[in-house]
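Count the sequence shown with numbering that gives the first Met the number 0 and you get residues 0 to 138, in order.
Warning: the hint list may mix true and false statements.
[Claimed, not checked] Under the rule of at most 25 Å between Cα atoms (straight-line distance), these lysine-lysine pairs were calculated in the DSS-like manner:
#1 Lys48 - Lys62
#2 Lys38 - Lys48
#3 Lys126 - Lys1
#4 Lys62 - Lys38
#5 Lys62 - Lys126
#6 Lys20 - Lys48
Simulated from the structure, these hints should not be mistaken for laboratory data. As the structure is a computational prediction, the values presented were derived from the model and not from experiment.
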Amino acid sequence: MKEKAAEYEVDLEMVALPQNKLGNDGEWTPNYMRGNFEKGEKEVEMVCKMVQAVGEAGIPAIKYFLCEMENQRTEAVPLGHGGVSYSTWDLSKADSEDQRWEERVSAEQNWERVTFFLESVISVAEKYEVRVACHPCDP
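Let the hints inform the model, and build the full structure from the sequences given.
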């Protein structure tokens with residue numbers, strides 16, 4: 000991959016991990032971020048294999064995200080140039096009662112899920128000398 004990019008004089012410095020594509024249950028959020036650690040173990044193993052492959056390919060960094068739900072959006076208005084719509088978040092138009100999951104996630108639960116992910120991934124990243132960066136969750 001890095002060689003292919005170099006053919007076009009592009010330096011490949013970071014790869015975004017496709018964490019929202021890990022599960023086969025149709026959910027956007029990985030199981031480990033929903034507190035399902037049994038299914039989440041397999042997902043974290045896949046992430047570790049991706050980190051290893053990135054390191055072996057000579058790509059110096061990966062980007063991951065640890066969102067407990069999909070990104071929240073409000074209506075995209077006004078439309079942009081040519082009628083294009085933008086990903087939009089307007090707090091004044093958001094419904095604070097629009098709960099995505101049956102139970103709210105406490106800070107402690109969220110940190111438990113983050114720790115579950117990072118304890119495995121960071122050690123693999125260190126072994127293969129891959130830097131890791133966390134993309135903050137969008138609202």
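Here's how the hints hold up against the structure:
| no. | hint | verdict |
| --- | --- | --- |
| 1 | Lys48 - Lys62 | holds (14 Å) |
| 2 | Lys38 - Lys48 | holds (16 Å) |
| 3 | Lys126 - Lys1 | holds (20 Å) |
| 4 | Lys62 - Lys38 | holds (22 Å) |
| 5 | Lys62 - Lys126 | holds (17 Å) |
| 6 | Lys20 - Lys48 | holds (14 Å) |
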